[in-house]
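With the sequences and hints as input, model every part of the structure.
Below, each chain spelled out in residue letters.
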Amino acid sequence: MKVAAVIIVLLFFLIPMLSTIIVGDGTLQGKLQTFASYSLSLMTTLLCILTIAISTWTLSNDVQRKYILLIVTKPISRYQIVLGKILGIIVIDAILLVVFSCVIYGLTVLIPHITDAPEVQVKQAQDEFFTARAGLTQPEDEREIQRRTIEAYNKLRESGQLPQDMTGERAMAELRSQQRMLGRSVPLNSKRIWRFHNVRVTDPKEQLFVRFKYEVAVTGPDDKVHGLWDVGDIRQFEMPPGSWKTPIEQVSRSDSARKMMEIEIPASVIAEDGFVGVVFYNTLNQSTVIIQDVELLYRAGTFTGNYIRVVMLIGLRLAFLAALGVSTSTWLSFPVAFLLTMSIFLVGMISGFVIESIDSLGIVGNLVYTVSIKPLIWMFPRLDGDYNPTRFIVMGRILSWGFLAQVFGIMVCVKAGVLTLLGIWIFSNREIAKVVV
Amino acid sequence: MAVQRSEYAIETVTLTKTFRDWWGRAKVVAVDKLELKIEYNEIYGLLGPNGSGKTTTLKMLLGLLHPTRGAAFLLGGSGRDARVNKRIGYLPEDSYLYRYLTARETLDFYGRIFGLPARVRRSRIDALLEMVGLTGMANRAVGTYSKGMARRIGLAQALINDPELLILDEPTSGMDPIGTRQIKDLLAQLASRGKTILLCSHLLADVEDVCDRIGILYGGKMRVEGTVESLLQHKDGKQIVTGGISAEALGQIRAIIEREKASCQITSPMDRLEEFFIRTVTAAQEQGLATSGAMSTTKIGDFLKEQAIKPSILDQLVAASSHETPSGPPEVDDKLVETKSIEPQADTDLLDRLAAAGVGHHETEIVAPRKTPQAPEPVDLPAPVKRDILEELIGRSDGDGGRTQIVDPDGGGDTPDA
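Listed in order, the protein sequences are those of chains G and P.
Heads up: the first sequence runs through residues 1 to 437, numbered per the numbering used here.
Heads up: the second sequence runs through residues 438 to 855, numbered per the numbering used here.
Rather than coming from a laboratory, the hints here were simulated on the basis of the structure.
Since the structure is predicted, the reported quantities are computational estimates derived from the model, not experimental observations.
Be aware that a few hints might be false.
Said to hold, decoys possible - Straight-line alpha carbon distances no greater than 20 Å define the calculated DMTMM-like cross-link-like pairs of lysine to aspartate or glutamate that follow:
1. Lys-66/G with Asp-673/P
2. Lys-474/P with Glu-448/P
3. Lys-464/P with Glu-431/G
4. Lys-434/G with Asp-458/P
5. Lys-434/G with Glu-542/P
6. Lys-66/G with Glu-607/P
Stated by the list, open to error - Chain G regions said to be covered by chain P (calculated; three or more residues, Cβ under 8 Å):
7. 67-74
8. 428-435
Quick reminder that beta carbons are idealized off the backbone N, C-alpha and C, glycines included.
Structure below.
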């Protein structure tokens with residue numbers, strides 16, 4: 001398996017090289033994020049390809065070269081052969097994964113020490129990268145948006161203003177996104193409230209972060225958006241100020257538009273029942289402000305712990321691919337099994353995109369889609385989007401044990417388990433010595 | 438399903454295999470209603486030209502192919518049963534060994550599959566490597582071996598579990614004559630230890646030398662089956678082998694035979710090429726010439742002898758397992774072992790008459806000729822050649838050239854060793 005040697009050498013060579021040449025957006029955090037993103041993706045991709053290559057090669061090669069004749073005539077069951085192949089690959093993967101993860105971890109931790117970055121950037125990297133934060137968002141009221149969309153649509157149709165070159169579906173989609181933006185907009189001299197429940201911080205001395213992005217049509221003369229924020233148990237506004245149990249932090253700041261921003265608040269603002277309210281007042285600008293992607297972040301774990309879980313998530317992916325590869329090679333020859341497994345892997349890499357695309361076509365309610373394509377897509381592994389391990393490290397977001405257990409349950413126990421059983425069944429019933437031409 | 442102690446070591450019942458093409462159309466009937474019955478402690482030779490269904494039969498026995506109809510039983514069970522697999526050894530038509538493992542690693546790997554303890558494994562691997570003459574090359578990758586050397590390792594792996602039943606597909610293909618001879622001797626020794634052997638070959642000499650019973654397959658059907666002796670011996674013809682005798686005595690013999698109204702042909706016996714080759718190589722080995730190939734040693738039977746002398750753990754295990762299941766190793770039946778020897782019988786009647794005619798002073802043996810007279814020779818090759826009757830029979834010359842062979846063409850047909 002020369003491909004294994006090539007991949008190992010490539011990784012040993014490329015990962016340290018990446019750590020020195022990557023600059024990112026010039027900030028320390030940018031450099032860390034870019035390095036972590038590139039090196040983790042590179043390692044994951046190469047190990048996935050290696051796993052697919054070995055897993056589809058090992059059993060089919062034994063069959064093709066007839067080594068298997070001397071194995072199956074020994075006192076060993078065929079299911080043991082299939083399981084043995086899968087376990088062997090998982091062990092190889094585990095060793096390689098641990099080695100390269102340690103290299104990447106070491107370099108990541110080393111980067112702040114070898115980079116000459118200002119104090120502010122080091123703090124930012126500590127707060128936003130070397131952490132594992134949980135994020136809470138307030139879901140938008142989809143029913144309200146739908147209601148308003150239909151209302152707007154009907155109004156347009158009655159007045160005959162529907163665009164002629166658009167289908168009804170397309171116009172609806174356009175109106176829906178308009179209404180969505182409208183819901184996020186805060187007109188001049190008004191306010192917008194976000195409510196977050198069950199905010200749990202391990203240590204009250206920790207910090208909370210309100211993350212957001214401004215969108216504006218026109219910015220002020222200094223190219224900034226001015227915001228006045230209240231963060232805390234805003235239900236207390238109705239009570240006299242002396243009886244407040246938790247403080248409400250008031251922040252006034254100016255931020256650039258179209259850029260993710262974070263406001264740091266002491267965690268002591270969290271109400272006893274875990275409630276945190278965030279209020280934005282649009283009083284200091286000249287026009288409407290749209291606020292996107294508002295999220296309340298808080299530290300929920302350590303960087304190292306999160307990194308270990310991310311590596312485990314990559315490991316689960318490799319285990320799934322090992323089972324898939326060995327399972328296909330129980331009945332297919334090497335090149336065919338390799339191409340099939342590779343195709344499934346690639347579809348899995350874009351499965352989130354595929355589902356999103358189909359959903360955006362507006363055929364979600366279609367029965368044919370629900371009974372045919374959707375389960376088919378479900379059978380493919382989910383490897384992108386929320387399941388992309390790199391994202392957790394780059395964004396500094398926590399990968400919870402619960403999520404890891406869910407992936408283990410669905411992708412490894414159910415999907416890989418079914419594939420393995422299928423492979424064992426095929427392998428146990430096939431004529432090992434049959435010559436296929 | 439418990440493995441029953443069955444009447445036969447190998448049994449097939451209307452075993453049929455039809456190979457179909459992709460569309461399910463029958464293309465080839467490889468094996469056709471085969472009824473193969475092989476008893477315990479028998480060496481059975483399955484013969485046949487290429488494509489006659491030998492290998493297909495073996496593969497169905499071992500569960501590597503599914504029979505289209507009928508059934509195949511090994512030691513009373515299925516070839517897919519792990520308990521049956523524990524008691525058999527299989528050498529496929531090609532050795533099919535992992536190329537990057539060394540000989541020692543290969544044997545260790547298969548030993549592990551049998552779950553042999555490390556100590557047993559080590560001692561057995563050493564014995565097997567020595568037996569197949571590859572001790573010196575034990576740490577070389579098997580992929581670098583010549584075909585014959587790989588074959589030796591293939592045979593060693595088939596013996597790693599000290600199997601009760603050996604299934605060998607072309608065991609001597611690619612082997613040098615010494616290796617071939619060693620394997621034949623090994624098979625004879627295994628049989629004497631009570632093993633059952635199914636040998637599949639188209640090298641007729643190999644089969645003839647070692648097998649008790651042979652069957653000839655053609656077109657997937659059994660054409661002839663029987664003991665080697667019953668199939669090959671001509672009861673009506675006679676063959677006389679003598680030491681150096683005078684022309685006068687020859688004349689008298691010829692006269693006697695002519696009185697019997699039988700035709701007569703007189704030649705000097707020739708060495709078989711096999712004997713000649715083995716002598717040459719043995720001489721080279723004794724001079725200590727270097728070789729990177731397989732070393733042929735005299736220690737062919739060490740692996741077996743060692744077990745015969747002290748009951749090994751394996752023997753104990755086998756004994757223990759025979760208590761668990763009714764199927765023990767078959768007992769060594771001296772009678773059966775004897776049936777293997779195909780020494781021609783001396784014709785005492787004719788001898789008496791020759792003695793009366795005054796030609797009985799020389800070493801003389803009169804036997805019924807066989808198409809290729811060749812008897813199993815005890816193998817202790819580099820040892821001094823034993824001048825016994827058996828060797829005289831196969832016409833071994835040690836340089837005096839004074840022996841004469843008399844053949845009755847009416848009875849024998851072919852001239853032996855010519």
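Quick rundown of the hints versus the structure:
1. Lys-66/G with Asp-673/P: Given that 20 Å is the threshold and the Cα spacing comes to 49 Å, the pair is violated.
2. Lys-474/P with Glu-448/P: 5 Å, holds
3. Lys-464/P with Glu-431/G: Holds, because 17 Å separates the two Cα atoms, which is no more than 20 Å.
4. Lys-434/G with Asp-458/P: Holds, at roughly 12 Å.
5. Lys-434/G with Glu-542/P: Given pair Lys-434/G, Glu-542/P is violated - Cα atoms ~28 Å apart, limit 20 Å.
6. Lys-66/G with Glu-607/P: Measuring from Cα to Cα gives roughly 16 Å; hence the hint holds.
7. 67-74: Coverage by chain P holds here, the residue count being 7 at a Cβ distance below 8 Å.
8. 428-435: Since 4 is at least three, the answer is holds.
Hints 1, 5 from the list above are not met by this structure, while the remaining hints are.
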